[in-house]
Each structure stands twice: as structure tokens, then as C-alpha cells.
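Colleague: Given the structure of chain A, go ahead and fit chain B onto it with the hints provided.
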Amino acid sequence: AQTVTQSQPEMSVQEAETVTLSCTYDTSESDYYLFWYKQPPSRQMILVIRQEAYKQQNATENRFSVNFQKAAKSFSLKISDSQLGDAAMYFCAYRGNSGNTPLVFGKGTRLSVIA
Amino acid sequence: GAGVSQSPSNKVTEKGKDVELRCDPISGHTALYWYRQSLGQGLEFLIYFQGNSAPDKSGLPSDRFSAERTGGSVSTLTIQRTQQEDSAVYLCASRRTVNQPQHFGDGTRLSIL
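From first to last, the protein sequence lines are chains A and B.
Position 95, counted from 1, in the first sequence is what the numbering used here calls 95; the numbers after and before it change by one each time, with no gaps.
Position 45, counted from 1, in the second sequence is what the numbering used here calls 1045; the numbers after and before it change by one each time, with no gaps.
These are computed hints drawn from the structure, not numbers from a lab.
Treat the hints with care, as some may be off.
To be verified - Quick list of in silico lysine-lysine cross-link-like pairs, DSSO-like style, CA-CA up to 27 Å:
no.	chain 1	residue 1	chain 2	residue 2
1	A	107	B	1011
2	B	1057	B	1015
3	A	73	A	107
4	B	1017	B	1057
5	A	107	B	1057
6	A	78	A	55
Keep in mind that this is a model prediction, so the values were computed, not measured.
So here's chain B without its partners, still in its complex pose:
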């Protein structure tokens, strides 16, 4: 497809379980970002990847959160031992170059019971 693809669209899981969220960026986009949007809030930066450089993890809220990007394309955000406060919409965005705007996916709505 032409846009950023995220899966699953919705995820419901029990507290304490691990979850993996997937992002497939637009082909050719070298930069990839993860954001979190809690209810009634704006987007909060989590992590970004640029090419083969080390990722900027400065926005990750705890060590339960991690992400990887394999082959410079698909990225997976993993949340271990989920807590109820992790419930949010997780949005992925990608960008071709520094001067281009970010393109967002539809997000994954994560609900922790």
C-alpha cells in the first residue's frame, strides 16, 4: 500500500501480558517514529529510527518498552508486563527526508484489562 500500515488495529489484553505492535512504513522512508496518544491527550513521542543509526529512545516511559526496526523497514514496538496505564493509541509515522512531513498510520488501540 501507499501509506503507513499498522497492525493490529485493535488489541485487548490482560494486565501483565506482553504485546507487540507492528508498523510498516512507506517504502523509501528512512525515518520512523512511534508516538503514544492517551485518552484526551496529544501525541507523546516514544522512539525514532533513522537509517542504520542508533535509535533515539529518549521518549520511552519505562524499560518495559522496547522497539526494533529490522532491515531499515518494518518496526515492532514491544511492551512487556503491560499495565493499565499503557492503554492508549500507538501511532507510527515515517518520513523520507528531513524536510518532508511525517506520514502517520491509523494506529493501534491498545486496551489493558
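With the rest of the complex left out, here is chain A:
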């Protein structure tokens, strides 16, 4: 079974600074998808960024980028120019490539942004 590990329960960053959230996963599959979701206090899970495992190029979405290391099974999220609105829980998630397999989530990292 696939597992996702987020080793940082809490992180903090100064406004305008850069922070990196860590995620590792375990799988025997060669083709899969990885995601970072943001969950603010409103509870809604908001997709931040996703990466297809067959793509070597790291995904980027504005201030958000990932460092995808397939051999190391690592998928970290970098947030640049942090803003107060970035404060939330961040979840790393894995999904296999076969059919409609559900997402497997890590336990999350709570990010605080300090003004």
C-alpha cells in the first residue's frame, strides 16, 4: 500500500520570505500523480499544485513550486514571497494511475505566516 509522510507538523515563515514543506512517499508504481492541497479554516481542500510522475520538469504555479525527486520519492513544496493568506494546513497527496483510485494523504503541515 502507498503511504505519504509529512515530517513537519508545524512550520512558520515571515511574510515575504520563502518556506519549503517536505513530503516523502512510498510506492511500487512507476506512474502516478502527486498533489499539494491547502486547507484553510473554512475546511475546503484547495488544489495548489500537481505533478505527473512521468514528467521530469518540476511543476510551478505562480509563487508555488515543487522539487520532485522521483528516485528519492520526495515531493517538497516551496512557497515564495509568503503572504498572510498562505497560512493554512497543507496536505501532500498521492494517487496511482490506475482508474479512479482515491487519494492517499499525509497528515499535513500547519503553516503560520508571521507579519
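Modeller: Relative to chain A, chain B alone:
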């Protein structure tokens, strides 16, 4: 609405009672998922529906949990004889195709007294 809609937003009930949670997915999304998020934990898969296929119930924690999806759209998650450990946020997600990401609702916070 354009997003996944869940109701109620919050539900408080006494231990032993049955509860029903509703999810209205995005129109046209054929796949629907239920997840549970216990305090301080990530999301735990419960069940998913794909079109008219038999649902994947592999994540349901006990036979007190069941779900149905009528007409390929709205889904109801039912928990019978609720226990305190059922207290959690129950999130629903839907997806149009295999290659598209899941879109989540705001969840139902269930509290069992």
C-alpha cells in the same frame, strides 16, 4: 452552484443515533469520493463511486457506514448507531475524468456527544 456542495455544514447528535450526510457533486462529474478527516489527521478514504459501476467500499471502517449515489449525482453517507469515534469532518470530492484533479466540498463537521 459551481462547486461541490455538502450538507449539513455541522451536525451534532447523540451517541447511538443515525446520521445522514449529503453531497451534491459538480454537474457532469462521474466520480465521487467520501473521505473522513479526524482531528489532527490527514484525510482517510471511505468510499468512491464511478458512474454506474459498483462502488469501491474498501475504506469503510465498519458495517455501520454505508453510502449510496442516486441517479449518478447526489450521494448520501449514512452512519448508523453513531459512536464518539465517528466524530470528524466528512469531506466529499468529485472528478470529471481520470486525468482531472478532485474538487472538494467544504465538508460536514460531525460531533457525537
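Colleague: Hint by hint, note whether the structure agrees.
Modeller: Hint-by-hint comparison with the structure:
Restraint check for residue 107 of chain A and residue 1011 of chain B: satisfied, since their Cα atoms lie roughly 24 Å apart, inside the 27 Å limit. For the hint linking residue 1057 of chain B to residue 1015 of chain B, the alpha-carbon distance of about 24 Å falls within 27 Å, and the restraint holds. At roughly 17 Å between alpha-carbon atoms, residue 73 of chain A and residue 107 of chain A fall within 27 Å of each other, so this suggested pair holds. Simply put, residue 1017 of chain B and residue 1057 of chain B have alpha-carbon atoms about 22 Å apart, close enough for the 27 Å limit, and the pair holds.
Our distance criterion of 27 Å between C-alpha atoms is met by residue 107 of chain A and residue 1057 of chain B, whose separation comes to about 22 Å. A hinted pair counts as satisfied when its Cα atoms are at most 27 Å apart, and residue 78 of chain A with residue 55 of chain A qualifies at roughly 18 Å.
Checked against the numbered hints given earlier, the structure satisfies every one of them.
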